[in-house]
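Novice: Listed here are the chains, written in short residue letters.
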Amino acid sequence: MKDFPYTESKDTRSGFGAGLQELGRTNPNVVALCADLIGSLKMDAFIKDNPERFFQVGIAEANMMGLAAGLTIGGKIPFTGTFANFSTGRVYDQIRQSIAYSNKNVKICASHAGLTLGEDGATHQILEDVGMMKMLPHMTVINPCDYNQTKAATIAIADHEGPVYLRFGRPVVPNFTPADQEFKIGEGIVLNEGADVSIFATGHLVWKAILAGKLLAEKGINAEIINIHTIKPLDARLILESARKTRCVVTAEEHQMNGGLGDSIAQLLAREEPLPLEMVAVNDSFGESGTPDQLMEKYGLNEAAIVAAVEKVMARRK
Amino acid sequence: MSQATPLAPTSETHAPSATKSVAELKQIAAQVRRDIVRMVHAVNSGHPGGSLGCTDLLVALYFKVMKHTPQPFDMDGTGQDLFFLSNGHISPVFYSVLARSGYFPVSELATFRKLNSRLQGHPATHEHLPGVRVASGSLGQGLSVATGAAQAKKLNGDDRTVYVLMGDGELQEGQIWEAALYAPHHKVNNLIAFVDRNGQQIDGPTEKIGGLGDLRAKFEAFNWQVLETDGNDLEKLLATIEEAQGLLSNGRPVMVLMDTQMGYGVDFMMGSHKWHGVAPNDEQLEKALQQLIVDTASDY
Chain B
1 MKDFPYTESK DTRSGFGAGL QELGRTNPNV VALCADLIGS LKMDAFIKDN
51 PERFFQVGIA EANMMGLAAG LTIGGKIPFT GTFANFSTGR VYDQIRQSIA
101 YSNKNVKICA SHAGLTLGED GATHQILEDV GMMKMLPHMT VINPCDYNQT
151 KAATIAIADH EGPVYLRFGR PVVPNFTPAD QEFKIGEGIV LNEGADVSIF
201 ATGHLVWKAI LAGKLLAEKG INAEIINIHT IKPLDARLIL ESARKTRCVV
251 TAEEHQMNGG LGDSIAQLLA REEPLPLEMV AVNDSFGESG TPDQLMEKYG
301 LNEAAIVAAV EKVMARRK
Chain A
1001 MSQATPLAPT SETHAPSATK SVAELKQIAA QVRRDIVRMV HAVNSGHPGG
1051 SLGCTDLLVA LYFKVMKHTP QPFDMDGTGQ DLFFLSNGHI SPVFYSVLAR
1101 SGYFPVSELA TFRKLNSRLQ GHPATHEHLP GVRVASGSLG QGLSVATGAA
1151 QAKKLNGDDR TVYVLMGDGE LQEGQIWEAA LYAPHHKVNN LIAFVDRNGQ
1201 QIDGPTEKIG GLGDLRAKFE AFNWQVLETD GNDLEKLLAT IEEAQGLLSN
1251 GRPVMVLMDT QMGYGVDFMM GSHKWHGVAP NDEQLEKALQ QLIVDTASDY
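Protein chains in written order, with this note's numbering: chain B, 1 to 318; chain A, 1001 to 1300.
A couple of the hints might just be wrong.
[Said to hold, decoys possible] Calculated cross-link-like contacts (lysine-lysine; reagent style DSSO-like; alpha-carbon spacing at most 27 Å): (1) K1287/A / K1114/A; (2) K1154/A / K48/B; (3) K245/B / K232/B; (4) K48/B / K1236/A; (5) K1187/A / K1154/A; (6) K1274/A / K1287/A.
Source of the hints: derived by calculation from the structure; they are not laboratory data.
Build out the structure end to end from the sequences listed, making use of the hints.
Specialist: Next comes the structure, spelled out in structure tokens:
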């Protein structure tokens, strides 16, 4: 098992803020909108540098999505910022009609996704957002794993023509992605090569997969760990190549099983290469208040849950 | 059916002209109304009532008021005035006016609502139909989009104006009021919005279904500059639009409340919500066309 050294832990939302600040310097067409959550989304630096390119919308997310669609008409590249819940479920129809169906170049940037939002509880812990967004034609869906990758993804999506959903979160997590690693939309990253099982993880669960890989190595299990930061379009080539080698698959994500990464990979395998698959994801349940670590343990989204899923899927392998 | 003044040319390259007389605009409006009833009749579906009621506004904008370049179509509309239709169900009037001002061939109106058409039931950027800049149909979204497009123009130093039309029933959507709060607060002074105040919605009169009350007072309380006009009188409409353009220099957007009659121009369709989303039968079509006299050689 490879080692993944890191010198600090940081929140992915700060990676978004840093990426947006850099875009402010490099791309004059980038504009930003926020629905009364500037501090939470770490948009302060962009706003300080480019006050004329920032639009405070107030607590009116539906209007924000429409404004963003309109701003593209005139060549702007709008980045909207609010919590993942208010970026998707609250404004699904606005995204569907004014952005996705109209194929507008809007970047929907969503923080505080999933259980790791913590103490605020289930009203804010959206676990369905990836499913809603990936169902929309034209939409690209990205869920980076750490600060550096979120920063790189933020910069990369400005050069991608079309609507994008960029999902990140609140807690600090190990920042292990090399700062100079290029972000390629739709291309998974093999973190550890292995022969016994393929673990496909996204977002915060990528680090949990690395921790699980170490535990598995102690048991003599050699796991292939792949970071699927882009859920749509899915890197089918890489996923099938790995699955055909290991003959069993575990997926891991901070999302419902319905509609998430595991669901996308299960569809792919069912069509192309039926193999045993186990999903580490929330099983048809809302979250609740608690610390992020407590919640990830209670809802089965930590390294222990991944290890258990690997043992189960390897037992099913023919 | 003949008449003295020939209809304006309808070739694909026809460019709107600010020099058109009101008499000429009335001829164009009659032709657009013919298109509307024929389009919905042909597929036995669509929304003739609101389309007929808003014909005069769209003709005034596209054939007199707006500076715009139908071809080649530029999605960004740089240096052009823009129009957004928020109440997308009145697509027949939008499509007719776009075709007759040169965005796409008039003959394409015959494909309205049919399979493989660019003219979807509700307007969309589907297959890149020239003239449509955003999809609409699910109500309440157009004012936000128009406001964003207006702000993009300001950022770009583009001094042209953005126009948007909403239905009155549509004002029951919450997003309209989010946008209504936003635009004056952000001093969006290149935006003129219109409300089609025909007083009707699918289930009946607006005041019975979801009372809108005093719209002037409501929008003024939201810090809009509000004008009222007769939306079926081209002369009054043109004067009101000119007044609205002048008011923009006060640094705030303008809301124009247009009194209109659903079904205007066809006597048996006028003033009733029953023709919101119902197509005329063969006999009714003939009766309607007899009331909309133009040179039939210009029909698609």
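Novice: Does each hint fit the structure? Answer for all of them.
Specialist: Results of checking the hints against the structure:
no.: 1; hint: K1287/A / K1114/A; in the structure: holds, 25 Å
no.: 2; hint: K1154/A / K48/B; in the structure: holds, 20 Å
no.: 3; hint: K245/B / K232/B; in the structure: holds, 23 Å
no.: 4; hint: K48/B / K1236/A; in the structure: violated, 47 Å
no.: 5; hint: K1187/A / K1154/A; in the structure: holds, 11 Å
no.: 6; hint: K1274/A / K1287/A; in the structure: holds, 17 Å
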